[in-house]
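J.: Using the sequences and the hints given, assemble the complete structure.
Listed below are the residues making up each chain.
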Amino acid sequence: MKILVCISHVPDTTSKINFTDSDTKFDTNGVQFVINPNDEFGLTRAMWFKEKQGATVHVVNVGGAETEPTLRKALAIGADEAIRINTPATDGFSVAKQLANVAKEGGYDLVIGGRESIDYNGGMVPGMVAKLIGANFVNTCIGLEVEGDKATAIREIDGGKETLKTSLPLVIGGQKGLVEESDLRIPNMRGIMQARTKPLNVKEPVDANAETNTVSFQKPAPKGAVKLVDSVDELVNLLHNEAKVI
Amino acid sequence: MKPDLFEAPDYYNLDELLSDEHKLVRQAARDWVKRDVSPIIEEYAQKAEFPEQIISGLAEIGAFGPYIPEEYGGAGLDQISYGLIMQEIERGDSGVRSTASVQSSLVMYPIYKYGTEEQRKKYLPKLASGEWMGCFGLTEPDHGSNPGGMTTNFKDKGDHYLLNGAKMWISNAPFAQVAIVWAKNEEGRIHGLIVERGMEGFSTPETHNKWSLRASATGELIFDNVKVPKENLLPNKSGLGAPLGCLDSARYGIAWGAIGAAMDCYDTALRYSKERMQFGKPIGQFQLQQKKLAEMITEITKAQLLAWRLGVLRNDGKATSAQISMAKRNNVDMAINIAREARQILGGMGITGEYSIMRHSMNLESVITYEGTHDIHLLITGLDITGLNAFQ
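Top to bottom, those sequences are chains A and B.
Under UniProt numbering, residues 1 to 246 are what the first sequence spells out, in order.
Under UniProt numbering, residues 1 to 392 are what the second sequence spells out, in order.
These are calculated hints, taken from the structure and not from any lab test.
C-beta: ideal position from N, C-alpha, C; glycine also.
It cannot be assumed that every hint is accurate.
[As the list claims (entries may be wrong)] Partial list, computed: chain B residues near chain A (C-beta under 10 Å):
| no. | residue |
| --- | --- |
| 1 | Asn-13 |
| 2 | Asp-20 |
| 3 | Leu-24 |
| 4 | Ala-29 |
| 5 | Asp-36 |
| 6 | Glu-60 |
| 7 | Gly-62 |
| 8 | Ala-128 |
| 9 | Gly-130 |
[Unchecked claim] Cβ pair distances, simulated, as ranges:
| no. | chain 1 | residue 1 | chain 2 | residue 2 | range |
| --- | --- | --- | --- | --- | --- |
| 10 | A | Pro-199 | B | Ser-19 | 49 to 55 Å |
| 11 | B | Met-349 | A | Thr-163 | 48 to 54 Å |
| 12 | B | Glu-275 | A | His-240 | 29 to 35 Å |
| 13 | B | Thr-386 | A | Pro-222 | 55 to 61 Å |
| 14 | B | Glu-118 | A | Thr-163 | 55 to 61 Å |
| 15 | A | Gly-54 | B | Leu-14 | 41 to 47 Å |
| 16 | A | Lys-219 | B | His-208 | 54 to 60 Å |
[To be verified] Simulated crosslink set (DSBU-like; lysine-lysine; CA at most 30 Å straight-line):
| no. | chain 1 | residue 1 | chain 2 | residue 2 |
| --- | --- | --- | --- | --- |
| 17 | B | Lys-291 | A | Lys-16 |
| 18 | B | Lys-274 | A | Lys-219 |
| 19 | B | Lys-34 | B | Lys-2 |
| 20 | B | Lys-2 | A | Lys-223 |
| 21 | B | Lys-126 | B | Lys-113 |
| 22 | B | Lys-230 | B | Lys-113 |
| 23 | B | Lys-126 | A | Lys-198 |
| 24 | A | Lys-223 | B | Lys-281 |
| 25 | B | Lys-23 | A | Lys-198 |
| 26 | B | Lys-121 | B | Lys-184 |
| 27 | A | Lys-176 | B | Lys-23 |
| 28 | A | Lys-16 | B | Lys-2 |
| 29 | B | Lys-34 | A | Lys-176 |
| 30 | A | Lys-16 | B | Lys-34 |
| 31 | A | Lys-227 | B | Lys-281 |
| 32 | B | Lys-23 | A | Lys-16 |
| 33 | B | Lys-281 | A | Lys-219 |
| 34 | A | Lys-198 | B | Lys-34 |
| 35 | A | Lys-52 | B | Lys-34 |
| 36 | B | Lys-23 | A | Lys-25 |
| 37 | A | Lys-176 | B | Lys-274 |
| 38 | A | Lys-198 | B | Lys-121 |
| 39 | B | Lys-302 | B | Lys-2 |
| 40 | A | Lys-227 | B | Lys-2 |
T.: Here it is as structure tokens:
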């Protein structure tokens, strides 16, 4: 089985978010980047397929050279090969088109993406990739088994789970549940060393115009001061007369 | 114990001096410490117990002999990577870092540098995987700063050596399978011997009641007519320079490790100073607290630069023992002072096990003493710059 794991290079969740250029660009100064958590669950599941079922695992990312450390980390964790599509990740559609091209050319059986990236939270890419390459698609995937060309996927639905039978080629939008947080892997020193010699191929992008453009970003208003109240009566009074919520 | 919220300070953008690979190495070690060390270490330190599960963790991430070539089970990384790993582990606890330092610099290093090919193949992979743990016997009850005066000795008995003597303050001794023991031959020349647990007459009683490095195991090595096979002698270097070469490697790791302990204390104190309210404002707004914090970050930044430059020199094979000595002394002294100041910022909370500061503070009392005391390192620098020997 040939697996392609799509990796987004996203700011760490503890990063302080700021914008530049009149609030049109994300300020990357001092920001630490990580593998998108939803993608990391998928990558870890892919490593399981590699170790238990002999799958080959490639990772792919759309972005500039600054995203390569994220791909190297994926290689250090155990992916066999990395591909970087050399163009900035602008909107969901343009990213999906680039990924679909790689997925098609590489003849992958399984494409694992994250349900959404934690930076822009578009949540569109895996579905679009599936459509563009004509593969089956399971979103919000929290469990995946593959046998031959048949797959059993578990999908999170409101208040429960749905188990689906489908076949390869398949695209999933993965999330926690594919593996648990305690299964996530920290690359070890030997893995980091070996990642040096694994291929990281830079691929030029195909034509894909962004369908949306950012006009501006706005941060939520800062939280107001906390008011401490001494009694339930006073709380009810404030909620009723000041906050006007009850 | 509070959740580990550590954020590493980098006031001078020193990350720009590191490669992407260095940063990945550091992040991996940091992630491991947050996941496997921080949640448990306080409890083990309080109980004065060595967390044995740490051995497989250290082995798994590759903290045993990261610069030993891959063919012997290491990772083949450079010296800066080694330093960064030590920094991150000591950020968690100096005792855990000591366990890793001893295994890497004092056991694997001499076998790799001074051992035969057979010795390398026999011991290094098992030491890298943590299957075997090692310790290093140089210090004796009556010979600490003056190791050349050692009395532990071995005699050539034809088909084996007969080893007698005792070593003290030996990290990892109580559970080590392998001991690198420095002893004098009949001519008074110092040689390294590989002594294995189970050899008759070899025992390792544990040292109890330490107020420092409580989560690491310390003991003695006692040799009572131990028959050591001749093939267990490290043949490629002898004299005091042989163990001192190992200490260069270990001291280099300590120079980085101490930064980790200091960063943890500073980060804790900085966060606390912004949250703790007194007189209607955060204590971080008071000038005396700011003075402490400002001096801490300044000293940490200087220590980071020192360690990084030393790493570059070591990568080029150009770092002198005296340069390593200076970094060990400066950085540990820096860390112990920061731990003390940070403890004061936290007031009464600083003495509790809720925070890591007091543990670091107590640990650093050992770190400033072992691998050359602070005073001895001053004399090493003194000798280096004056050419005049204050030891004799």
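J.: Could you run down the list of hints and mark each one as holding or not?
T.: Hints and how they fare:
no.: 1; hint: Asn-13; verdict: holds, 9 Å
no.: 2; hint: Asp-20; verdict: holds, 4 Å
no.: 3; hint: Leu-24; verdict: holds, 6 Å
no.: 4; hint: Ala-29; verdict: holds, 8 Å
no.: 5; hint: Asp-36; verdict: holds, 9 Å
no.: 6; hint: Glu-60; verdict: holds, 6 Å
no.: 7; hint: Gly-62; verdict: holds, 3 Å
no.: 8; hint: Ala-128; verdict: holds, 9 Å
no.: 9; hint: Gly-130; verdict: violated, 12 Å
no.: 10; hint: A:Pro-199 with B:Ser-19: 49 to 55 Å; verdict: violated, 19 Å
no.: 11; hint: B:Met-349 with A:Thr-163: 48 to 54 Å; verdict: holds, 50 Å
no.: 12; hint: B:Glu-275 with A:His-240: 29 to 35 Å; verdict: holds, 32 Å
no.: 13; hint: B:Thr-386 with A:Pro-222: 55 to 61 Å; verdict: holds, 60 Å
no.: 14; hint: B:Glu-118 with A:Thr-163: 55 to 61 Å; verdict: holds, 57 Å
no.: 15; hint: A:Gly-54 with B:Leu-14: 41 to 47 Å; verdict: holds, 43 Å
no.: 16; hint: A:Lys-219 with B:His-208: 54 to 60 Å; verdict: holds, 56 Å
no.: 17; hint: B:Lys-291 with A:Lys-16; verdict: holds, 26 Å
no.: 18; hint: B:Lys-274 with A:Lys-219; verdict: holds, 23 Å
no.: 19; hint: B:Lys-34 with B:Lys-2; verdict: holds, 12 Å
no.: 20; hint: B:Lys-2 with A:Lys-223; verdict: holds, 25 Å
no.: 21; hint: B:Lys-126 with B:Lys-113; verdict: holds, 17 Å
no.: 22; hint: B:Lys-230 with B:Lys-113; verdict: holds, 18 Å
no.: 23; hint: B:Lys-126 with A:Lys-198; verdict: holds, 26 Å
no.: 24; hint: A:Lys-223 with B:Lys-281; verdict: holds, 18 Å
no.: 25; hint: B:Lys-23 with A:Lys-198; verdict: holds, 18 Å
no.: 26; hint: B:Lys-121 with B:Lys-184; verdict: holds, 26 Å
no.: 27; hint: A:Lys-176 with B:Lys-23; verdict: holds, 26 Å
no.: 28; hint: A:Lys-16 with B:Lys-2; verdict: holds, 22 Å
no.: 29; hint: B:Lys-34 with A:Lys-176; verdict: holds, 20 Å
no.: 30; hint: A:Lys-16 with B:Lys-34; verdict: holds, 20 Å
no.: 31; hint: A:Lys-227 with B:Lys-281; verdict: holds, 16 Å
no.: 32; hint: B:Lys-23 with A:Lys-16; verdict: holds, 20 Å
no.: 33; hint: B:Lys-281 with A:Lys-219; verdict: holds, 27 Å
no.: 34; hint: A:Lys-198 with B:Lys-34; verdict: holds, 28 Å
no.: 35; hint: A:Lys-52 with B:Lys-34; verdict: holds, 29 Å
no.: 36; hint: B:Lys-23 with A:Lys-25; verdict: holds, 25 Å
no.: 37; hint: A:Lys-176 with B:Lys-274; verdict: violated, 34 Å
no.: 38; hint: A:Lys-198 with B:Lys-121; verdict: holds, 27 Å
no.: 39; hint: B:Lys-302 with B:Lys-2; verdict: holds, 29 Å
no.: 40; hint: A:Lys-227 with B:Lys-2; verdict: holds, 26 Å
When each numbered hint is compared with the structure, violations occur for hints 9, 10 and 37.
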